[in-house]
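Peer 1: Residues per chain are reported as follows:
2 protein chains.
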Amino acid sequence: MTYCLGIITSSGLVFAADSRTNAGVDYVSTYRKLFDFVWEGDRIIVICTSGNLAITQSILTLIHNDLHKQEAKNLTAFSSMYDVASYVGEKTRWVQDQQKPWLQKDGIDAQCNLLVGGQISGEPPQLYLIYSQGNFIQATPETPFLQIGETKYGKPILDRTLHFDIDLASAAKCALLSLDSTMKSNISVGPPIHLLTYYRDSFIVKHRLQLKAGDPFLIKFRQQWEIAIRQAFEQMPDIDWGYSAPAVNTIGTGED
Amino acid sequence: MTYCLGIITSSGLVFAADSRTNAGVDYVSTYRKLFDFVWEGDRIIVICTSGNLAITQSILTLIHNDLHKQEAKNLTAFSSMYDVASYVGEKTRWVQDQQKPWLQKDGIDAQCNLLVGGQISGEPPQLYLIYSQGNFIQATPETPFLQIGETKYGKPILDRTLHFDIDLASAAKCALLSLDSTMKSNISVGPPIHLLTYYRDSFIVKHRLQLKAGDPFLIKFRQQWEIAIRQAFEQMPDIDWGYSAPAVNTIGTGED
Numbered sequence: 015m016t017y018c019l020g021i022i023t024s025s026g027l028v029f030a031a032d033s034r035t036n037a038g039v040d041y042v043s044t045y046r047k048l049f050d051f052v053w054e055g056d057r058i059i060v061i062c063t064s065g066n067l068a069i070t071q072s073i074l075t076l077i078h079n080d081l082h083k084q085e086a087k088n089l090t091a092f093s094s095m096y097d098v099a100s101y102v103g104e105k106t107r108w109v110q111d112q113q114k115p116w117l118q119k120d121g122i123d124a125q126c127n128l129l130v131g132g133q134i135s136g137e138p139p140q141l142y143l144i145y146s147q148g149n150f151i152q153a154t155p156e157t158p159f160l161q162i163g164e165t166k167y168g169k170p171i172l173d174r175t176l177h178f179d180i181d182l183a184s185a186a187k188c189a190l191l192s193l194d195s196t197m198k199s200n201i202s203v204g205p206p207i208h209l210l211t212y213y214r215d216s217f218i219v220k221h222r223l224q225l226k227a228g229d230p231f232l233i234k235f236r237q238q239w240e241i242a243i244r245q246a247f248e249q250m251p252d253i254d255w256g257y258s259a260p261a262v263n264t265i266g267t268g269e270d
Numbered sequence: 015m016t017y018c019l020g021i022i023t024s025s026g027l028v029f030a031a032d033s034r035t036n037a038g039v040d041y042v043s044t045y046r047k048l049f050d051f052v053w054e055g056d057r058i059i060v061i062c063t064s065g066n067l068a069i070t071q072s073i074l075t076l077i078h079n080d081l082h083k084q085e086a087k088n089l090t091a092f093s094s095m096y097d098v099a100s101y102v103g104e105k106t107r108w109v110q111d112q113q114k115p116w117l118q119k120d121g122i123d124a125q126c127n128l129l130v131g132g133q134i135s136g137e138p139p140q141l142y143l144i145y146s147q148g149n150f151i152q153a154t155p156e157t158p159f160l161q162i163g164e165t166k167y168g169k170p171i172l173d174r175t176l177h178f179d180i181d182l183a184s185a186a187k188c189a190l191l192s193l194d195s196t197m198k199s200n201i202s203v204g205p206p207i208h209l210l211t212y213y214r215d216s217f218i219v220k221h222r223l224q225l226k227a228g229d230p231f232l233i234k235f236r237q238q239w240e241i242a243i244r245q246a247f248e249q250m251p252d253i254d255w256g257y258s259a260p261a262v263n264t265i266g267t268g269e270d
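So the sequence lines, in the order shown, correspond to chains R and X. Just so you know, the first sequence maps onto residues 15 to 270 in the numbering used here. Just so you know, the second sequence maps onto residues 15 to 270 in the numbering used here.
Bound conformation, chain R alone (with noise of 0.2 Å):
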């Protein structure tokens, strides 16, 4: 499995993923999902991938060789964020053409996510989310915040703390505690770690970080957080069972 994060504030983005793959228990990898195409002072654009790794990685490469051979549509060339998750969208769409009609044939799964989001000069930054299908969505100021893989152990954390106008620092150590959250529950997801922060008209990336497994943050982090949480949780109230609901040794009637 995969984690994947993209957050979009008034201040910036920022980009957080795992690097655990896994094709069955008995052959997990690492693999890196986060990749960063930069442009100093012109455009940043930041890619995520999760899903079928042969299929994602296919799709990376195609975009790679456009900007190698320059052609008429690769990442330097489009005017508009949208226009890249859409270009973004038509790789997807090309690979799963060809790959998946062999791979339904043995009922592997072809699905694959991508988060697409950065800054092109003259536009405010933005970010996308991708389907298998090659279609998309957006992140808006409601909503700042798009994931992929294994996203429901690390929503929590973002749902109780995340909201658009947070600043850029807090907004990263929220997705570090997002993917935390996801490794300590779940094996699939696993370090290293990528993070990437980028403020808003900078066009250049401010922080960039890789946490491998045992690293002396990572690991202080996660304590200092384990240690937070359990004081949160010790000064909650016990539950007041001030009053009853009675015995039911029937099934329910849908009036509760």
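It is possible that some hints are incorrect.
Identical chains blur together in the list; that is why a pair holds if it fits in one copy or across any two.
Derived pair list, reagent style EDC-like, types lysine to aspartate or glutamate, alpha-carbon separation capped at 20 Å [said to hold, decoys possible]:
hint, residue 1, residue 2
1, LYS198, ASP173
2, LYS226, ASP252
3, LYS198, GLU54
4, LYS114, ASP254
5, LYS119, ASP254
6, LYS198, GLU156
7, LYS119, ASP173
8, LYS226, ASP179
9, LYS234, ASP252
10, LYS87, GLU104
11, LYS87, ASP97
12, LYS198, GLU104
13, LYS114, GLU104
14, LYS226, ASP254
15, LYS220, ASP179
16, LYS234, ASP173
17, LYS114, GLU137
18, LYS220, ASP56
19, LYS234, ASP179
20, LYS83, ASP179
21, LYS87, GLU248
Keep in mind that the hints were calculated from the coordinates and are not lab data.
With the hints as your guide, set chain X onto chain R.
Peer 2: Just chain X now, kept in the frame of chain R:
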């Protein structure tokens, strides 16, 4: 969807369940999913249900009918919780046999999962998860909880705070936080919440609670947790960006 949780500790059992059922987003309704059967001084048996509602209701009705008719096999006749779990598994298999072929014709999911826990005099308390196939697993001190339904959102708080030797009041608090995190992040899980605690060797239900939507305690509990979580979040250090991974414009090498 549904979320039910059973916890076993050295001092007893806690059960928690939501009440939301949906057959598509345009048919959302309320059904109780936590049922307790108490024979004071002798035994207490708690059953929680998830999955296909027609199937789980049938299973419970059959269990109830056996009791009513005093069949040779009924909840009062068994001398061990293992036998109770086997019996519920048999009922599950029987209903699945009756219903599944008809559901499969229309591609309808016949899956169900049940939690079965309690104590019969002469034995310690026990907690089981019954699968759709009628087989089952038992909770142990190493992992003192079992979940069914929409399990992922509520797992991080359990993984961070729960252990076999926790006091029962704290275990109940933990269960409510796990339910609340799930309700906050997933609209398919919703109130009323049913909560029950059972103290080992008491053979009575000490606490039984139904929390409806808008319940003042539930609202205050959630607000307090959100404040506590935000305080925990704020006391965490910012990320140490002291060292950086290189920019990557190509697909990863797998060596991270």
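Peer 1: Looking back at the numbered hints, which does the structure fail to meet, lowest number first?
Peer 2: Those not satisfied are hints 3, 4, 5, 7, 8, 12, 17, 19, 20 and 21.
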